[in-house]
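J.: Let's have the full structure, built from the sequences with the hints guiding it.
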Amino acid sequence: MSTRHILIAGLLGLLGLAFWHLAADYLPDAALNPTAAYYAAHAADQTGAPNLVTGIIITWRGLDTLGEVTVLFLTSAIVALVLAQSKAPAGAAGPGFLPAGELLATGTRMLLPLIALFGAYVIANGHLSPGGGFQGGAVLASGVLLALLAQPRMRIGHALLARVESVSGLGYILVGLAGLAFASGFLDTAFLPLGRFGALLSAGAIPLISVLIGLKVGAEFATILQSLEEGEDAAQEEDAA
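So in my numbering, the last one in the sequence shown is 516, and the numbering has no gaps at all.
Calculated directly from the structure, the hints in this document are not laboratory data.
All clues stand as given, with none of them false.
Each pair of labels, with its calculated beta carbon distance range:
| id | residue 1 | residue 2 | range |
| --- | --- | --- | --- |
| 1 | 468 | 378 | 47 to 57 Å |
| 2 | 309 | 376 | 54 to 64 Å |
| 3 | 309 | 377 | 54 to 64 Å |
Just so you know, even glycine gets a beta-carbon here, dropped at the ideal spot from N, CA and C.
T.: Written out as structure tokens, the structure is:
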């Protein structure tokens, strides 16, 4: 057995020992901690959202969400920057490229509208049922991935994606500032009426924030996917040459 295999086995053994101690010493909490108890008791009344997870993440933990979408933006920017030198020119067809199969192309035409509709549904109903901006944005980005697989030469303008990402991010900040100016704090969504509990247009500004997050996340994931596709195109063209 080589030294590399011994090191890997040792690391796996240490990880297994650590997880074994965690599992052996685990004791479930007999009661909620004070923060969780406050969330459980007051989240529905104060946010107006039946989905307490979305209500908490967008309002009381809104700064965490802002940090997460910022990290995702930095990731997409870094991927685009690293692959910028190897991007294939848009529309350049090389002998190494094969057209998508009929099954994939036909399936894409049938599924893409349904994926877009489902992503919009997940975003719009995030305060009522499991889902929200992050999940819906990822669903929309999966539609972009399917389209790129079915049409390898298709390109979505980076300028368009950048505008969508920038406008949605700016809108997110402005909504947060509106909560600071007209409610009790940054990202306090109660500056808009809570409406009827359980209705689509309810929970203050939470649905609006979900839409902004969904557009931002979808644009950032789409940027990453397209940058990776362009890098792959360039590699295939070099191989074909």
